[in-house]
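Colleague: Using the working numbering, the first residue of the sequence shown is number 148, and each one after it goes up by one.
Possibly wrong hints are sitting among the right ones.
[Unchecked claim] Listed next, the in silico DMTMM-like pairs over lysine to aspartate or glutamate satisfying Cα-Cα at most 20 angstroms (straight line): (1) K177 - D250; (2) K151 - E230; (3) K264 - E240; (4) K264 - D162; (5) K264 - E172.
Read the hints as simulated data drawn from the structure, not as lab findings.
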Amino acid sequence: MGFKPYSYLIFLLSDTSWDRSAFAERLKLKFSAPNIRIEATDQVTIMTIDSWSFRIYYNQDPSVVEESAEIAQEYAVDHVDQERIAACSRRLETSGDADPDMDYFNDVMIFLEWVEKEYQVAVYDGQEGFL
148 MGFKPYSYLI FLLSDTSWDR SAFAERLKLK FSAPNIRIEA TDQVTIMTID SWSFRIYYNQ
208 DPSVVEESAE IAQEYAVDHV DQERIAACSR RLETSGDADP DMDYFNDVMI FLEWVEKEYQ
268 VAVYDGQEGF L
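Modelling step: build the complete structure from the supplied sequences, incorporating the hints.
Modeller: Okay, here's the thing in structure tokens:
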């Protein structure tokens, strides 16, 4: 498995149900510039800026809770939400198209800040740990 740009695991810490269409609509309100398109299916929400795409997958596979426990034990030892991360059974998984000049870095950071503000989440970067 190769490097995936802008790859994050976003642990959904709340027990409330996840509404993908409401998520996409809220995302459209946040990113409403003419050069940005938001599309949602049952599997993925895609934010396209110009011709560059950032994908946000919803994952509630049974393996998520096992992986959450492993990640929490290894990387969230000092995190305030370690127990909630360990028990997490749902998450968002992101990836983006190649961005060698980091033209879309700020857009991804704005997305991460937004999702942290709007939802009860913990964001994990495989290279940096929990943000």
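Colleague: Determine for every hint whether it applies to the structure shown.
Modeller: Hints, one by one, checked against the model:
Distance restraint check for K177 and D250: the Cα-Cα separation of roughly 19 angstroms lies within the 20 angstroms cut-off, and the hinted pair is therefore satisfied. Using a Cα cut-off of 20 angstroms, the hinted pair K151 and E230 is violated, with the two alpha carbons roughly 28 angstroms apart. Between K264 and E240 the CA atoms are separated by roughly 17 angstroms; this keeps the pair inside 20 angstroms, and the hint holds. Among the hinted pairs, K264 with D162 is consistent with the structure: their alpha-carbon atoms are about 17 angstroms apart, no more than 20 angstroms.
For a cut-off of 20 angstroms, the pair hint linking K264 to E172 stands: about 16 angstroms separates their Cα positions.
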